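Novice: Listed below are the residues making up each chain.
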Amino acid sequence: MQKDLASGIIIFTLYFTIPGTLSKRVEAQTGQCDRDYLNGFIDQYFEALVAHDPSLVPLAKTVKFTENGQVLEPGDGMWGCASALGSYRLYFADPEAGQVGFFGIVEENGHPQILALRLKIENMQISEIETIVARKVHGTMAEPEKLVDQPIFNETLAFSERSTREAMIAIANSYFEGLEQETDTITPFDPNCTRIENGTVTANNPEGDPIHRMTAGEQFATGFSRFITDIRERRFPVVDEERGLVYAIIFFDHAGTVKTVELSDGFTMTVPPPYDTPYTYLIGELFKIKNGLIHRIEAVLLPVPYGMSSGWVNN
Amino acid sequence: MRINPVTVVTTIILLVTIIACQSPGNDTGQLCDRDCLNGFIDQYLEAIQSHDPSLLPLTESVKFTENGQRLMPGDGLWNTLSETGSYKLYIADPEAGQAGFFGTIRENGTPAILALRLKIEKNKISEIETIVARDEEGALNLEKLGGPHSSFLDTIPVSEHASREELIRIANMYFTGLECNNGKGTYPFTENCNRIENGKQTTNNPSDWSNLERPDSLENVPMVDINALGCKEQFEKGFFRFVSRIRDRRFVAIDQERGLVLTFVFFDHAGNIPEVTLSDGTTIPIGVSRPFTWEISELFKIENGLIRQIEAVLGEAPYGMNSGWSSWEDGLSSQPKL
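Here the protein sequences line up with chains A and B, keeping their order.
Take the first sequence: its position 107, counted from the start at 1, is 107 in the working numbering, and no numbers get skipped.
Take the second sequence: its position 318, counted from the start at 1, is 1318 in the working numbering, and no numbers get skipped.
Read the hints as simulated data drawn from the structure, not as lab findings.
Any given hint could turn out to be false.
[As the list claims (entries may be wrong)] Straight-line Cα separation of at most 20 Å, SDA-like style, residue types lysine to any residue; simulated pairs:
id: 1; chain 1: A; residue 1: LYS136; chain 2: B; residue 2: VAL1288
id: 2; chain 1: A; residue 1: LYS259; chain 2: B; residue 2: GLY1109
id: 3; chain 1: B; residue 1: LYS1200; chain 2: B; residue 2: LEU1229
id: 4; chain 1: A; residue 1: LYS64; chain 2: B; residue 2: SER1326
id: 5; chain 1: A; residue 1: LYS259; chain 2: B; residue 2: LEU1056
id: 6; chain 1: A; residue 1: LYS136; chain 2: B; residue 2: ASN1272
id: 7; chain 1: A; residue 1: LYS64; chain 2: B; residue 2: SER1327
id: 8; chain 1: A; residue 1: LYS64; chain 2: B; residue 2: TRP1328
id: 9; chain 1: A; residue 1: LYS61; chain 2: B; residue 2: TRP1328
[To be verified] Partial chain B-side listing against chain A, Cβ under 10 Å, derived:
id: 10; residue: ASN1067
id: 11; residue: ARG1070
id: 12; residue: ASP1075
id: 13; residue: GLY1076
id: 14; residue: ALA1112
id: 15; residue: PRO1222
id: 16; residue: ALA1270
id: 17; residue: GLU1316
id: 18; residue: TYR1319
id: 19; residue: MET1321
id: 20; residue: TRP1325
id: 21; residue: TRP1328
Predicted model, so just to flag it, every value in this text is computed and none were measured.
Quick reminder that beta carbons are idealized off the backbone N, C-alpha and C, glycines included.
With the rest of the complex left out, here is chain A (with noise of 0.2 Å):
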């Protein structure tokens, strides 16, 4: 009987690895561990999502849950009202460190809400869930019927195309850091880099206002950023080497100390409401990078009280 169970194990093992070609870390930490195998976990949370039944998926006893930076049981929050999952799927996956993300609509009884979806898988089991809602009320600016798919964020890169995982991380941040030194010089951005907030085209759109119809890369150069007074609590969760995507969490914040903003043409911006008083944002940012260029951005945003924290670091 013990022998029999044995083999069970080995042959389950075997099952799971044989189409694999990824890290031996990861095998040891989670079986098997490859792109289908965690899109399928992703598949299968939103099953039980619209079932209002976490115990349908393989929870890790010490799982955490948060839900906009607040931790939450499986069950609560939104657990408790989405009705339907959207035709706009976005994935990306990070086998190396067993990280898988999502970007997508689900609708909250029968309204149609942008998430953003991280989940840890450890020992075939999922260990952490990290969600941001941008739900369509007044402030997060939501319009997940503008949400289209975008190819490029699916293209796998040939290798010649891909950087490290350490290079990955440090250009996504360089993004972060050229905001928060009001320069493009230090942000390697393709000339025809285009960014998606909450739906909205707001880098890159000829239909756009006139600062969205600039590329982020001359948006960065105008030095508008000074008004954001701090990027903190970066981290990049999710590594997909393959794609060239980094799936970036962190804070925008703005003290309110900012009236005014000299830009690099020499005219004076009067910095507007809400960004006049304490306000952040908690955002979910997903970057493609290839060549060692950033193309494409995506981002999940919404409003959240001044200073807060997102429930996974240390304070």
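Chain B: place on chain A using the hints.
Specialist: Then chain B, alone, in the frame of chain A:
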């Protein structure tokens, strides 16, 4: 005339005690009375207006939160408060060393509402808890009132003082009655009870629906003007069933002399109750389709065991947020925390 040395010593001790109690700056550890506590509030407002926390006697381990987030004194509203407004309501609990305040402010010139709690220990500020409701209209409405409701200022005869425990019990009945409200509980309100939330009277105040445009699909759907009802009628209506959890109930200042209880709580709405059947059998749709939370500081005036007046300062917070003053377990519990 012969002066009795014992009388002199007693008089000196009394004088020293009175001065100590009334001066926020000394460190004798004496009880800080109402004037002393109110003085700390004024001192705090002056310091924050100067953007300079060093003007305050803060303990080394002082803790400061703004809208549930722990910040360094000097951050948050300290950067942006430009002046105080005309509406000021003080709450004092000398026994617990707690001072409370609801008032209007200007933040870079824009009206807002501030709820403030200070804990005073040995004549220093050891705790600072604030809610900043960035509600311009609400702030202006408060100022139009001309001052706090008179009942908040009225002193109750000593013979009628309720115990601290009794005052907390009555205030807690408000939250218990409201949480998953079914209209069948015991609701201790006076007939003339009213509630003001962020400057708006939300009882006995009929809504102006003369210009209300309803989509055709809702034409035959019943509506309830809940604000038109009194405190007790609202609770008896069973309307508030969609408030799924009132948690982290903290009763931070008890003003026995005036019958006031100052609380900090969260109202959670799980978003999973699309409609409510009222106690009269009518079923009405509820527009709460998503999880959301109110962070609230709520003040109760209690007379003869009944709630006479309610005033609240509130703002939306992420669903399930903690106050920063409770453990995670207590923060999600509906049990009163004393």
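Novice: All the hints need checking, so say for each whether the structure fits it.
Specialist: To see whether the hints hold, each was checked on the structure:
1. Simply put, A/LYS136 and B/VAL1288 have alpha-carbon atoms about 13 Å apart, close enough for the 20 Å limit, and the pair holds.
2. Using a Cα cut-off of 20 Å, the hinted pair A/LYS259 and B/GLY1109 holds, with the two alpha carbons roughly 12 Å apart.
3. Between B/LYS1200 and B/LEU1229 the alpha-carbon distance is near 14 Å, which keeps this suggested pair within the 20 Å criterion.
4. Note on A/LYS64 and B/SER1326: the hinted pairing holds, with a Cα-Cα distance of about 19 Å set against a maximum of 20 Å.
5. Between A/LYS259 and B/LEU1056 the CA atoms are separated by roughly 27 Å; this puts the pair beyond 20 Å, and the hint is violated.
6. Restraint check: the Cα-Cα separation between A/LYS136 and B/ASN1272 comes to about 17 Å, which is no more than 20 Å; the hinted pair holds.
7. Distance hint between A/LYS64 and B/SER1327 is fulfilled; the C-alpha atoms sit about 16 Å from each other, no more than 20 Å.
8. Our distance criterion of 20 Å between C-alpha atoms is met by A/LYS64 and B/TRP1328, whose separation comes to about 13 Å.
9. About 18 Å separates the Cα atoms of A/LYS61 and B/TRP1328, which keeps this hinted pair within 20 Å; it holds.
10. At about 4 Å, the closest approach between the beta carbon of B/ASN1067 and any beta carbon in chain A falls short of 10 Å, and the interface hint on this residue holds.
11. Evaluation of the B/ARG1070 hint against chain A yields a held restraint, the C-beta minimum of about 7 Å falling below 10 Å.
12. Proximity of B/ASP1075 to chain A holds as hinted, the smallest CB-CB distance being about 7 Å (cut-off 10 Å).
13. Because the closest C-beta pair between B/GLY1076 and chain A is about 5 Å apart, less than 10 Å, the hint holds.
14. Taken as an interface hint, B/ALA1112 checks out: its beta carbon lies about 8 Å from the nearest beta carbon of chain A, inside 10 Å.
15. Taking 10 Å as the C-beta contact cut-off toward chain A, the hint placing B/PRO1222 at the interface is violated, the least distance being around 20 Å.
16. Residue-level restraint check for B/ALA1270 holds (minimum Cβ-Cβ distance to chain A is 5 Å; threshold 10 Å).
17. The beta carbon of B/GLU1316 is positioned within 10 Å of a beta carbon in chain A (closest approach about 9 Å), and the interface hint is therefore held.
18. Look at B/TYR1319: its Cβ gets to within about 6 Å of chain A, closer than 10 Å, so that hint holds up.
19. For B/MET1321, the interface hint holds, the least distance from its beta-carbon to any beta-carbon of chain A being 5 Å, beneath 10 Å.
20. The restraint placing B/TRP1325 at the interface with chain A is violated, with a minimum CB-CB distance near 14 Å, outside the 10 Å limit.
21. For the restraint placing B/TRP1328 at the interface with chain A, the shortest Cβ-Cβ distance is roughly 6 Å, inside the 10 Å limit, so the hint holds.
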